[in-house]
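Going by the working numbering, the first sequence opens with residue 8, and the numbers climb by one from there.
It should be emphasised that the hints constitute simulated quantities derived from the structure, not laboratory data.
As the structure is a computational prediction, the values presented were derived from the model and not from experiment.
Treat the hints with care, since some could be wrong.
[As the list claims (entries may be wrong)] Computed spacing ranges between beta-carbons, pair by pair:
1) Arg413 <-> Glu310: 28 to 38 Å
2) Thr227 <-> Val283: 47 to 57 Å
3) Asp425 <-> Gln303: 28 to 38 Å
4) Glu226 <-> Ile202: 33 to 43 Å
Glycine included, each C-beta is placed from N, C-alpha and C at the ideal position.
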Amino acid sequence: MFEKEQQIIEAKIREFCAQNNLPLAELKWTSIPFSGEWGMSTSFFATAASEARAGKKIQVPQRAQEIAEQIKVQIGRVDGISHIEAVKGYLNLYFSASEYARRVVDEVLASGADFGRGAAKNERIMVEYAQPNTHHSFHIGHARTTLLGESLARIVQFAGFDTIRASYPGDIGLGVITILWAYDKFYKGKEPQGIHERGQWLLKIYAEATAMLEPKENETPEEKARREAYDAERREMYRKWDAGDKYVRDLWLKTREWSLEELRDILNMMDVKIDVWFFESDVDEPSKAIVDELIQRGIAEDERPQGPVIVKIDEKLGPTKEKYRTAVILRSDGTSLYLTKDLALAKEKFEKYKVDRSIYVVDTRQSLHFQQAFKILELWGFPQAAKCYHLSYGFITLPEGAMSARRGRVVLFKDVMDEAIRRVLAVESEKSPEMSAAERRKVAEQIGLGALTYSILSVDNNRDIVFEMDEALSFDGHTGPYIQNAHVRANSILRKFQVESLKVEGSSKPDVTLNLKPAAFNYELTPHEIELIEHISRFPDAVQQAANEYRPMVMASYAYDLANAFHSFYHAAPVLQSGNEEIRTARLRLVAAAKQVIANALRLLDIQAPEVM
RNA sequence: GCCCCUGUAGCUCAACGGACAGAGCAACUGCCUUCUAAGCAGGAGGUUCCGAGUUCGAAUCUCGGCAGGGGCGCCA
Numbered sequence: 008m009f010e011k012e013q014q015i016i017e018a019k020i021r022e023f024c025a026q027n028n029l030p031l032a033e034l035k036w037t038s039i040p041f042s043g044e045w046g047m048s049t050s051f052f053a054t055a056a057s058e059a060r061a062g063k064k065i066q067v068p069q070r071a072q073e074i075a076e077q078i079k080v081q082i083g084r085v086d087g088i089s090h091i092e093a094v095k096g097y098l099n100l101y102f103s104a105s106e107y108a109r110r111v112v113d114e115v116l117a118s119g120a121d122f123g124r125g126a127a128k129n130e131r132i133m134v135e136y137a138q139p140n141t142h143h144s145f146h147i148g149h150a151r152t153t154l155l156g157e158s159l160a161r162i163v164q165f166a167g168f169d170t171i172r173a174s175y176p177g178d179i180g181l182g183v184i185t186i187l188w189a190y191d192k193f194y195k196g197k198e199p200q201g202i203h204e205r206g207q208w209l210l211k212i213y214a215e216a217t218a219m220l221e222p223k224e225n226e227t228p229e230e231k232a233r234r235e236a237y238d239a240e241r242r243e244m245y246r247k248w249d250a251g252d253k254y255v256r257d258l259w260l261k262t263r264e265w266s267l268e269e270l271r272d273i274l275n276m277m278d279v280k281i282d283v284w285f286f287e288s289d290v291d292e293p294s295k296a297i298v299d300e301l302i303q304r305g306i307a308e309d310e311r312p313q314g315p316v317i318v319k320i321d322e323k324l325g326p327t328k329e330k331y332r333t334a335v336i337l338r339s340d341g342t343s344l345y346l347t348k349d350l351a352l353a354k355e356k357f358e359k360y361k362v363d364r365s366i367y368v369v370d371t372r373q374s375l376h377f378q379q380a381f382k383i384l385e386l387w388g389f390p391q392a393a394k395c396y397h398l399s400y401g402f403i404t405l406p407e408g409a410m411s412a413r414r415g416r417v418v419l420f421k422d423v424m425d426e427a428i429r430r431v432l433a434v435e436s437e438k439s440p441e442m443s444a445a446e447r448r449k450v451a452e453q454i455g456l457g458a459l460t461y462s463i464l465s466v467d468n469n470r471d472i473v474f475e476m477d478e479a480l481s482f483d484g485h486t487g488p489y490i491q492n493a494h495v496r497a498n499s500i501l502r503k504f505q506v507e508s509l510k511v512e513g514s515s516k517p518d519v520t521l522n523l524k525p526a527a528f529n530y531e532l533t534p535h536e537i538e539l540i541e542h543i544s545r546f547p548d549a550v551q552q553a554a555n556e557y558r559p560m561v562m563a564s565y566a567y568d569l570a571n572a573f574h575s576f577y578h579a580a581p582v583l584q585s586g587n588e589e590i591r592t593a594r595l596r597l598v599a600a601a602k603q604v605i606a607n608a609l610r611l612l613d614i615q616a617p618e619v620m
């Protein structure tokens with residue numbers, strides 16, 4: 008926002024160094040740690056260090072300070088910069104307060120929902136996430152991939168990438184067939200009504216069927232025989248599925264649809280709109296042709312019929328360390344594997360969807376799988392392989408241990424949501440008794456989901472999360488509701504102002520910002536105002552950082568800091584009550600700008616910004 | 001045996017190689033006849049797992065340990 012001033016100053020610094028024969032290192036600008044004012048800062052340690060390396064006998068920190076002081080003199084006065092100081096080797100340039108405040112606030116209000124949007128990058132990025140297995144119910148672990156992926160998609164899109172959202176449900180495999188078998192044999196036609204009830208019911212069948220098919224200790228010969236008979240039936244069913252048997256396929260499609268209905272309902276709840284659905288079953292056939300190509304090109308080795316088809320990745324890359332190992336890409340019986348299908352899928356992403364960057368939001372246990380996949384793509388000759396990225400996230404466990412669908416030990420997303428809404432409603436009836444039942448319900452969903460979403464997104468990608476209900480659904484402190492509350496409080500001021508101005512002027516403008524008068528911020532700003540404006544101005548950088556690092560957590564931290572600055576401001580600086588008309592006008596604009604940026608940040612986190620709570 | 005991730009306040013987590021390592025929770029002290037107290041203000045809390053190295057400067061980079069988690073040719 009102060010590019011012009013920065014350029015002028017950079018030119019003066021270069022001029023000074025040229026005059027004095029100083030080997031100026033690259034100029035890096037950062038913000039000044041909060042000091043009640045704001046500005047930008049650079050340091051001369053690197054420059055002094057290179058002097059030292061050239062043979063001058065100097066103490067680097069002292070010399071850096073000396074250079075900073077001399078440059079300060081050289082720069083003199085610059086428009087828009089109120090004063091300059093040289094401290095501890097740093098050169099700090101302070102912006103003139105009212106000018107800075109006005110620029111920031113005006114820009115936010117002019118850009119609105121687009122404030123912080125990056126310039127188009129002419130690169131297409133596909134984010135693959137929300138890939139639960141079908142025939143199961145959606146649990147809290149699935150929520151992590153979904154929320155991380157959706158937030159990341161929103162961030163990179165807003166940062167300027169052409170973005171495609173993709174989901175890749177695992178709709179086939181022995182686990183799916185197990186459910187199909189048990190349903191067909193024991194439960195056909197007994198399914199409950201209700202999308203979620205039915206989805207959860209499938210999960211129960213899975214747990215039961217798995218127990219039936221697992222060898223038990225001390226099992227009797229009859230039990231063993233029955234178990235083996237069941238297992239044979241299950242495998243026969245898989246064979247029939249593979250052969251395209253109509254009965255099995257119909258049964259599979261019908262039950263798959265039940266899962267997808269549940270999934271769609273949950274995605275809808277999370278405001279997630281997937282652009283492209285890839286099903287594992289769809290890439291099964293094409294993947295086999297790819298294996299032939301890789302064999303022909305000498306990348307893969309065919310050990311059939313004794314062994315599978317493999318790629319000796321480490322060997323292909325040269326005599327390095329044992330890192331990528333050997334990957335199996337086709338079973339000896341010719342059936343495809345997870346990796347086979349991911350290769351086929353990648354090819355489709357590159358060729359059909361023209362994807363430049365491909366992000367996979369999948370848990371960390373699949374790290375080796377993706378490293379192998381990306382290396383094979385590279386060997387295969389896809390330059391896009393370099394921009395494939397496995398966003399590996401730590402998995403969510405329970406205090407009593409890992410979740411296990413097979414054992415039926417899972418925390419279902421729907422159950423957490425129901426509990427969240429119950430808890431918010433309990434708080435709401437106490438805090439906002441005047442709210443209508445319908446509105447209260449809607450707000451409860453926004454706040455409950457906001458709490459859960461924030462608790463997941465505020466943790467960095469690669470960390471594990473131990474899921475505890477009380478923690479995930481906390482409404483105090485470093486939480487989603489804290490940020491939502493800042494938005495509500497800002498809105499509350501603006502709404503009150505609007506009511507006032509409607510009374511006074513008889514205006515009927517629906518958009519409150521249209522009633523705001525311009526403001527010069529030409530008064531002595533308080534530290535709270537300064538800090539709030541400072542945070543607002545950082546939003547575009549936070550967007551770019553979160554996008555470049557593929558880390559929604561960066562945005563989560565930013566949103567909290569911004570809300571925190573707003574709450575402090577709110578408490579310390581009267582707006583409507585301010586006696587001074589100029590200050591009142593300026594602060595109203597600042598509140599409107601803060602509300603806007605909080606909403607923009609929450610949107611990138613896939614969290615709703617309620618008007619009341 | 002090999003590969004990846006993690007180790008920071010009592011707990012959960014932050015911190016482009018840069019200024020004094022910061023938040024929340026828990027515990028403690030104040031603040032609601034005021035624009036919403038889901039809030040604000042305050043103090044207290046640290047050998048950044050250990051040891052070397054690189055650097056003017058290391059929680060951050062390199063190497064070596066220790067501890068926890070995950071993974072390693074026909075599961076996904």
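Evaluation of the provided hints:
In this structure the supplied range 28 to 38 Å holds for Arg413 paired with Glu310, their Cβ-Cβ distance being about 31 Å. For the pair Thr227 and Val283, the beta carbons lie near 51 Å from each other, so the given range of 47 to 57 Å is met. Between Asp425 and Gln303 the C-beta distance comes to about 55 Å, which lies outside the given range of 28 to 38 Å. With their beta carbons about 38 Å apart, Glu226 and Ile202 fall inside the hinted range of 33 to 43 Å.
Hint violations for this structure: number 3 only, all remaining hints satisfied.
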